[in-house]
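2 protein chains.
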Amino acid sequence: MTIVVDTSKSPHARLTPVSLEAVRLQDKFWLPRLEKLRNITIPSQYELLESTGRLFNFRRVAGKARGDFKGLVFNDSDVYKWVEAASFLLAGGFDKSLYDLVGKVVDEIALAQDEDGYVNTFFSLERKNQRWTNLRDMHELYCAGHLIQAAIALFRATGNSRLLEVATRFADHIVKTFGPGGRLGVPGHPEVEMALIELYRETGNKSYLDVAKIFIDNRGKGIIGGSQYHIDHKPFRELSEIVGHAVRALYLNCGAADLYMETGDLELWNALNRLWDNMVNRKMYVTGGLGSRHDGEAFGFDYELPNVQAYSETCAAIASFMWNWRMFLASGEAKYVDIMELTLYNAILAGISLNGKEYFYVNPLADRGKHRRQAWFECACCPPNIARLLAGLPGYFYAVSKNEVWINFYCESTAEIELKNRSIKIIQRTGYPWEGDVTITLHTDGEQDFIVKLRIPGWSNGASVSLNGAELETDIRPGTYLEINRTWKTGDTIKISLPMPVRKLVCNPNVYENLGRIALMRGPIVYCFEAVDNPGFDVWDLIIPGESILETEYRPDLLDGVVIIKGTGYVMDSKWSEESLYNELESKGEKPRKVDFTAIPYYAWCNRKPGPMTVWARTVPFGT
Amino acid sequence: MTIVVDTSKSPHARLTPVSLEAVRLQDKFWLPRLEKLRNITIPSQYELLESTGRLFNFRRVAGKARGDFKGLVFNDSDVYKWVEAASFLLAGGFDKSLYDLVGKVVDEIALAQDEDGYVNTFFSLERKNQRWTNLRDMHELYCAGHLIQAAIALFRATGNSRLLEVATRFADHIVKTFGPGGRLGVPGHPEVEMALIELYRETGNKSYLDVAKIFIDNRGKGIIGGSQYHIDHKPFRELSEIVGHAVRALYLNCGAADLYMETGDLELWNALNRLWDNMVNRKMYVTGGLGSRHDGEAFGFDYELPNVQAYSETCAAIASFMWNWRMFLASGEAKYVDIMELTLYNAILAGISLNGKEYFYVNPLADRGKHRRQAWFECACCPPNIARLLAGLPGYFYAVSKNEVWINFYCESTAEIELKNRSIKIIQRTGYPWEGDVTITLHTDGEQDFIVKLRIPGWSNGASVSLNGAELETDIRPGTYLEINRTWKTGDTIKISLPMPVRKLVCNPNVYENLGRIALMRGPIVYCFEAVDNPGFDVWDLIIPGESILETEYRPDLLDGVVIIKGTGYVMDSKWSEESLYNELESKGEKPRKVDFTAIPYYAWCNRKPGPMTVWARTVPFGT
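These protein sequence lines are chains A and B, in that order.
This note's numbering puts the first sequence at residues 10 to 633.
This note's numbering puts the second sequence at residues 10 to 633.
These aren't lab readings, by the way, just hints derived from the structure by calculation.
Remember, predicted model here, so these are calculated numbers, not experimental data.
The reader is advised that the hints may include incorrect statements.
[Claimed, not checked] Straight-line Cα separation of at most 30 Å, DSS-like style, residue types lysine-lysine; simulated pairs:
hint	chain 1	residue 1	chain 2	residue 2
1	A	Lys575	B	Lys79
2	B	Lys429	A	Lys344
3	A	Lys379	B	Lys243
4	B	Lys603	A	Lys600
5	B	Lys379	A	Lys79
6	B	Lys37	B	Lys600
7	B	Lys79	A	Lys230
8	A	Lys600	B	Lys600
9	A	Lys243	B	Lys379
10	B	Lys600	A	Lys243
11	A	Lys37	A	Lys79
12	B	Lys243	A	Lys79
13	A	Lys618	A	Lys18
14	A	Lys215	A	Lys230
15	A	Lys379	A	Lys618
16	A	Lys603	B	Lys600
17	A	Lys575	B	Lys584
18	A	Lys600	B	Lys575
Throw the hints in and build the complete structure from the sequences for me.
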C-alpha cells in the first residue's frame with residue numbers, strides 16, 4: 010500500500026484505503042499495462058540501474074567495487090523507487106524471480122549503510138564529512154524519503170523486513186540529527202516528510218511524525234535561503250499561491266496533508282486547500298499536467314500555461330495524484346478524485362510509451378514532432394516514479410470508513426474488502442474508460458448494513474444509477490459520491506451509466522494562448538491531433554467549428570486499443586518560407602478547405618511516426 | 010557620437026556615421042520627445058540618482074559621505090549612462106545648467122577613482138581586496154564600459170576631458186590586469202568590449218583594442234563557468250544560435266561587430282550574421298523586442314515568443330538597435346536599418362511613458378492591465394539606457410563613405426554633412442512616421458559629384474522616387490538603399506513616396522500562440538488594441554476577419570498625436586467564472602456581435618486607464 014491511513018489511528022483522516030492486494034484487475038486497459046510493467050518496464054529499468062552505475066554506487070560504498078561515484082547526487086532514489094514499484098507488483102501477484110531480484114538489490118542497499126544508520130552513496134566514503142552540510146541542494150533527505158517508502162512497500166507486500174530495518178535505523182539517525190533539540194533542518198527537496206509519517210504509521214514510533222512536523226514547520230524561516238523555488242519563501246501555513254519547483258511543492262503538500270491527517274491542524278488544511286484552489290483553477294493543464302516552466306521546473310504565474318513550452322513534468326503529475334489522494338482520504342471529497350482520474354489518464358499515462366520502456370520527462374501539449382520519449386535520462390526521476398505509481402494503482406480504487414465502501418475508480422475487476430470484520434466482494438464489469446456503463450455486483454457474507462459510495466465523475470452529465478434493476482430517483486450530481494445506504498446481500502447489483510459524449514472544452518479566457526481554441530475530451534480522456542492520423546494537412550492549422558459534429562469509434566488495432574474521435578474541420582494551409590518570422594496576410598481568393606480529422610487520446614501520442622501534435626485546435630464561433 | 014567608425018581608420022567599416030551635432034530636428038514626433046528628455050527625463054533621473062544613493066556611493070568612496078554602499082553592485086552604471094545621455098543632449102544643443110550639472114557628477118566620479126585607476130564604488134574601500142575576484146557576477150567590467158562610453162560622449166560633445174582622463178586611467182588599469190600577459194578575464198556581462206574599442210578609436214591606443222579582443226576570444230573556454238546564460242558555452246566564432254541573457258548577448262555582439270570593423274576577422278562576421286539570422290527569423294517579436302523569457306532575462310528556443318509572458322526587456326531592444334547599427338556601418342546593408350527602425354518605433358519607444366518619466370523594463374505584447382510603467386526600478390538599467398538612446402538618436406540618421414551620403418531615417422530635419430571636405434546641407438520635409446512622403450532638398454557648395462543612398466524601408470511596397478520632379482524609372486526594391494549618382498547642385502530635390510496602407514501581418518506558423526492571429530502595422534509602427542479605446546468588449550476577444558477594411562485617422566489630440574486604425578470586427582463575449590479553468594463549450598444559439606474597434610500605436614499603450622491590451626488579434630480565414 011502506498012499509504013495506510015487507518016481512520017482508527019489517524020484521527021483526522023476520513024477514509025482508509027483498500028490495499029492493492031485486495032483488488033484483481035481483469036480489464037483490457039490497466040491489466041495489460043501492469044503486465045507490461047512487470048515483464049518489460051521493471052526488468053528494463055533494473056538493467057538501466059545496473060548499466061548507469063546506480064547499483065555500482067551501493068557496491069562501491071560496501072567495498073565490493075572500486076571507482077568514483079557515478080551520476081547525479083540523488084541517483085540512489087531511482088533504485089529506491091524501483092524497489093517500491095517492484096514491491097507493489099509483488100503485492101499484486103507474488104513472483105519468485107522478481108522477489109529474488111528485489112532481495113539482491115536490498116542486499117546492496119543494506120551493505121551500504123553506515124554504522125550510524127546513514128545511507129547515501131554520494132556522501133559515504135570520501136565525502137563522509139560533508140554529510141548534511143547542504144540540505145538545500147544535495148537531496149540527502151529526499152533520498153532518505155524514497156528509501157523509507159521503498160522499505161515500507163516491501164515489508165507490506167512480502168513481510169520482508171530487511172529494508173525496513175535499514176530505513177528505521179536511518180530514520181532514527183535523522184531524528185537524532187534534526188529532531189527536537191537537534192539541528193535546524195529543511196529538506197531542499199521535500200519527500201522525506203510523507204515518508205516519515207508513513208513510517209510512523211507503520212511502526213507507531215511518534216518521533217518520525219515529530220521530525221516530519223519540524224521539517225514542515227521550519228520552512229519559510231530562511232534556513233535554506235528563502236527562495237520560492239524551494240517553497241521556503243513563507244511559512245507553509247501562510248501559503249496561498251502554488252509556486253516554485255512543481256515536484257517539490259507537490260511532495261511537500263503530500264507531507265503536509267499527511268501531517269494534517271495525524272494532527273488535525275486546520276491551518277495546514279486551509280493552506281492546502283488554498284494551494285489546491287490556486288493550482289486547479291489557475292495553473293493546471295487540461296491534461297492535469299503541472300509546472301508550466303522549463304526554468305526551475307516550476308509553476309508559472311496564474312494562467313501561464315504555454316502549450317509548446319509546457320514543462321508538465323511526469324513526476325509533477327504523479328506528485329499531484331499522490332497529493333490529491335491524501336486530500337481525498339482526509340476529506341472524502343470527490344473533487345480530489347476527479348483530479349486524480351484526469352491526471353492519471355492523461356498527464357501521467359503520457360509519461361510512458363506503449364511499449365513500456367520509453368519515457369517523457371516533459372509533456373508538451375503541442376509539438377512539431379521533435380519531442381520524443383527516451384529510454385532513460387541522466388536525471389531519471391520520472392521512469393521509476395511512473396513505474397511505482399502504476400504498480401500501486403489498484404490501491405487507489407477503493408476506500409473504506411467505519412461503515413462505508415467508497416468506489417473511486419471504475420475498472421473491470423474484483424475486490425475483496427473487509428468492513429467491520431466481515432468480507433465484501435465487489436465485482437465490476439465495465440469497458441471503462443472507453444465505455445461509461447459499469448455493473449457492480451456485491452457478494453456479501455450474509456446480509457450486511459453499510460453504505461456504498463459511488464463516485465460520479467465531475468465530467469459526467471446525465472449519469473443514471475440503478476439498483477437491482479430499479480432506477481434510483483435520487484439527484485445525481487457530477488463531482489460527488491452517490492450514497493446508497495441499505496442492507497446488502499449477495500447478488501445485489503448496481504448499474505451506473507455515465508454518458509460519454511465527446512465534449513468540446515474551452516479554456517478560461519485569461520489563458521491568452523488558448524483563446525479561440527477547443528480541446529476534445531471523452532470520459533476522463535483528453536484527446537490530441539497527431540500528424541500520423543491526419544495526412545494531408547498540418548494539425549496545427551486545423552480549425553474545428555463550434556457546431557461540428559464529432560463521431561467516435563473503438564479501434565482495437567490502434568495504439569493497443571483506443572476510441573478515436575473523427576470529424577470534419579477545415580484548414581487554410583500555411584504557405585511559409587522557414588526563414589521569415591512575419592509576413593503580410595495575403596488574399597488571393599483562397600478558400601479554406603474541408604478536411605476530415607482524427608483525434609487520439611493524448612496519452613498515446615508519440616508512439617508512431619514523429620510529426621506535429623496539438624491538444625488545442627482552433628475554432629471559430631458558432632454561426633460564422 | 011555614439012560610435013565613430015572612421016572608414017579611413019577602421020579598415021573594415023563600410024560607413025562613417027554623421028555626428029548628431031550635424032542634425033537639427035524640426036519635426037513633431039522626435040523633437041518634442043527630445044525636448045521632454047531634456048526638460049523632464051534627464052532632471053527627474055538626476056533626482057533619482059541622488060535619492061536612491063547612486064551618487065552617494067561615489068561621495069562615500071571619496072570620503073565625503075558616510076554609510077554603507079547603497080543598492081545593487083552595478084548601480085554606478087546608471088550614473089554613467091545618465092552622463093552619456095546628458096552629453097548627447099549637450100551635443101545636440103549646449104545648455105549651461107545641464108553642462109554644470111554633468112560637471113558636478115563628473116567631479117563625484119573622478120574623486121572616487123583609486124590611485125591605480127580603478128573605479129567602482131562597490132569594490133572600493135572595504136571591498137578593495139575583492140576586486141576582480143568574480144568577473145562572472147559582479148559587473149565591474151560592465152560598469153567600466155559604461156564609464157568609458159560616458160567619458161567619450163562627454164568629450165566629443167563638449168571637449169571636456171575630465172572624465173575621459175578618468176576613463177583612460179581605468180582602461181589602462183584594465184589593460185594591465187587583463188591584457189597580454191595578464192590574468193585570464195571574461196566579462197560576465199559584456200559591455201566593456203565595445204567601450205574599449207571606441208576608446209581605441211578615440212585615443213588611437215591599440216592596447217584597448219587588444220584587450221577587447223582578448224575578452225571576446227576568452228569566451229567559451231569555461232573561465233567563467235561555461236553557461237549559455239553568460240554566452241560562455243562556446244567560443245564566439247562558433248556561435249550560430251542566439252541564446253542566453255539577451256542584453257549580454259547583444260552587447261557582446263556589439264563588441265564583436267566593432268572588433269570586426271577593426272580587424273576584418275571574417276569568422277567574427279560570419280558568426281554575427283548567423284546570430285542575426287537566427288534572431289530575426291526565429292526569436293524576435295513583431296515589435297523588434299527580444300528575449301522571450303523572464304527567467305534569465307533570456308532568449309528562448311526558436312519560435313518561443315509568448316505574448317503575455319514576453320520579457321522583451323527595453324534594454325535588449327536598445328542593445329539590438331546598437332548592434333544593428335554596427336552591422337550596418339560594417340556592411341551598408343539596409344536589412345540592419347530595417348530592424349533598427351522597427352525596434353526604435355516599437356520595442357524601444359514603448360519603454361518610456363509619454364510624460365517622459367515612467368518606464369517599462371518588461372514589454373509584454375498582451376496584458377490584462379496589470380503591467381504598468383514605473384518611475385524607477387531597483388535594477389534601473391532601462392531608464393538611463395533609453396535616455397541615452399533617444400538623446401543620441403539624430404546621430405543615426407545619416408552615414409557617409411568616401412563618395413556617398415546615406416539617408417537612413419526620415420524625419421523633418423536639417424543636416425550639415427561634410428563630404429570630401431565640402432559641405433552638403435540636407436533638408437527633409439515630411440510628416441514621417443505618420444506620412445510616407447518625404448521631400449529632400451540639397452544645398453551644396455557649388456556643384457558636387459557624389460552618390461545619394463536613400464533607404465527604401467523593407468515594409469514599403471510600391472514606393473516611388475522622383476528627382477527634380479521627374480519620376481525615377483529605376484527598380485525600387487523595399488529593404489535596399491536606392492542609389493542616385495549624379496552631379497548635385499543647390500535646390501536639387503528628391504521626393505520619396507512610401508505608401509502607408511495598414512498591413513495585416515501574420516506570424517510564422519511555428520509560433521503556436523500566434524496561429525490564427527493578425528497584427529496591424531502601418532509604416533514602421535506596430536499597433537495594439539487597448540481597452541480604453543474599445544469600451545463594450547474585451548480586446549482579447551476581438552476577431553478581425555482577414556478581408557476587413559481598415560481605416561486610419563490622424564488624431565492630434567490623442568497620445569501626443571497618433572494615427573489610429575479603425576475597423577469593424579466581432580466578438581463572442583466570454584462569460585466565465587473567474588474560478589474555473591476549463592468549461593464545456595456551450596451553444597445557446599448566440600451569434601457573434603459586430604463591434605467597432607480602434608487600434609493605437611503599441612509604443613503608446615499604457616499611458617491611460619489600465620485595461621487589457623493585445624498586439625495580436627484573432628482572425629478567421631478569408632471567406633468564412
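| said: Need the status of pair Lys215/A, Lys230/A: alpha-carbon distance at most 30 Å? | reply: holds (24 Å)
| task | Compare the distance between the alpha carbons of Lys37/A and Lys79/A with 30 Å, and conclude whether the hinted pair is satisfied. | result | Not OK: Lys37/A and Lys79/A at ~40 Å, beyond 30 Å, violated.
| request: Would you check the hint for Lys600/A and Lys575/B, treating anything up to 30 Å between C-alpha atoms as holding? | output: holds (26 Å)
| said: What's the verdict on Lys575/A and Lys79/B, does the C-alpha distance respect the 30 Å limit or exceed it? | reply: Violated. Lys575/A to Lys79/B sits at ~64 Å, over the 30 Å cutoff.
| query | Within 30 Å, alpha carbon to alpha carbon, are Lys618/A and Lys18/A? | reply | violated (52 Å)
| query | If you draw a straight line from the CA of Lys243/A to the CA of Lys379/B, is it 30 Å or shorter? | reply | Answer holds: Lys243/A to Lys379/B is near 24 Å, not above 30 Å.
| field | Straight-line alpha-carbon gap Lys379/A to Lys618/A, limit 30 Å | value | Distance ~11 Å between Lys379/A and Lys618/A Cα, so the pair holds.
| said: Against the 30 Å threshold, does the CA-CA distance of Lys429/B and Lys344/A hold or violate the hint? | reply: violated (81 Å)
| task | For the pair we were handed, Lys575/A and Lys584/B, check the Cα-Cα distance against 30 Å. | result | holds (28 Å)
| When you check the alpha-carbon spacing of Lys603/A and Lys600/B, does it fall within 30 Å? | Given that 30 Å is the threshold and the Cα spacing comes to 22 Å, the pair holds.
| Taken at face value, is the distance from the CA of Lys600/B to the CA of Lys600/A at most 30 Å? | holds (22 Å)
| said: Please verify whether Lys79/B and Lys230/A have alpha carbons no more than 30 Å apart. | reply: holds (25 Å)
Hint check: violations occur at hints 1, 2, 5, 6, 10, 11 and 13; the rest are consistent with the structure.
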